[in-house]
Each structure stands twice: as structure tokens, then as C-alpha cells.
Amino acid sequence: MKSQKQFHDWIIKEPLGSGTYGNVFRCLNIKTNKSTAIKIINEESSALNETNIIKNLQGNEGIIRFFECGYELHGYCLVFELHIINLNQLRLNQPTLRFSSQTSFRLLFKMIKIVEYIHSKQIIHCDIKPDNFMISQDGDIILIDFGLSEHYQDFSYHQKSSICISQSTLMKEIYSN
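Just so we're aligned, residue 1 is where the sequence shown starts under full-length UniProt numbering, counting upward by one.
Mixed in with the good hints there might be a few duds.
[Unchecked claim] Derived Cβ-Cβ restraints for the label pairs, each shown as a range:
1) Lys55 - Ser35: 21 to 31 Å
2) Leu92 - Gly70: 32 to 42 Å
3) Glu61 - Lys129: 15 to 25 Å
[Claimed, not checked] Taking lysine-lysine and the DSS-like style, the derived pairs with C-alpha atoms no more than 27 Å apart in a straight line are:
4) Lys55 - Lys110
5) Lys129 - Lys110
6) Lys121 - Lys110
7) Lys5 - Lys55
8) Lys55 - Lys13
Because the hints were derived from the structure by calculation, they are not lab data.
Built from N, CA and C at the ideal position, the CB exists for glycine as well.
Make a model of the complete structure from these sequences and hints.
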């Protein structure tokens, strides 16, 4: 009998965070001994939507890398690469609790490129915030949490309004903190 929760080759370890539809845990691959993140989602429609969107976005360096998904007794599981620090945590680690103007513009440029990419795939993230941008080990920015994301049919209308909202929201978040 298993003493730990497990999803396929992944042993579920300590919690990393929680949200409206589920919880995120660090997990360990029993074959490779590599740590990753596993998101366990309670609501089926949200889980299937996120899976569909994240699969469509794979291959871009600014999008969280996805490994596998499926149902287990404890919910619908999505396994992702693990990143430890998000943009907000990085900001709080700065001596002044804020980024310099140069760093802010560099980060904003990278974030806008990621948002432009997902918009080119006719997807709107719907939850752009510093906590959903992780920092990779090599310093790149990675967008996570596509649980609220949506597909759009008539993208020409939504693209103009959502990019403006995304830019202003990002600037407000970066400079207000």
C-alpha cells in the first residue's frame, strides 16, 4: 500500500500554493529523481480548458513547460516544470523593494512578448499579475497558471483591448509596489 500520494511516476510532496480551482505541490519523479510542480484541480471544466490551452502554447520559451496530465483519486493532475520564485517575490528581495527603471522596462518588454505570443494563438490569459510570472534558473520569465484563460473567435477586437489592459496592469503592478 502507498504511504504517499502519487500520480503515475510522480510522488506528491509539500504544498507550494493554492488557488480557486485547486492546489499546487512540489512532486518528485521516482524514475529521474527530478522535482517538478503538480497542480491538482477540483473542477473538471477548468482542468480540461487549462490542459487544452497549455498544450496549444507549448514550445515557446516564455510558457511553462508541461509534462503530463490525467485523473487520479484526488483530482485532475497537471505536471509542470518547477520554478521557485515569481516576479513579485523577486521584487520583494530587492534592497529597495522595487526594481530599477531599467530592470522594470526589461521585464516589461519580456512580459509583453509572452502576452503577444499567447494572443497570436487566440488566447487571453485573464490573470496577468506578477505572481503568475516565474523566474527560471537562467533568469528568463515564464508565464504560468492558465486556469482562467479563454479562446477567442473574433480576436481582432479583443487583441486591441486586452494588450492595452495587460500593459497598464503590468506597469501599475511593477511601479505601485
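Here is how each hint holds up against the structure:
1. Lys55 - Ser35: 21 to 31 Å: 22 Å, holds
2. Leu92 - Gly70: 32 to 42 Å: 35 Å, holds
3. Glu61 - Lys129: 15 to 25 Å: 20 Å, holds
4. Lys55 - Lys110: Satisfied, since the Cα-Cα distance of roughly 21 Å is no more than 27 Å.
5. Lys129 - Lys110: Judged against 27 Å, a Cα distance of about 14 Å means the pair holds.
6. Lys121 - Lys110: Distance ~17 Å between Lys121 and Lys110 Cα, so the pair holds.
7. Lys5 - Lys55: 25 Å, holds
8. Lys55 - Lys13: Roughly 25 Å separates the two Cα atoms, so the pair holds.
Every hint from the earlier list agrees with this structure, and none is contradicted.
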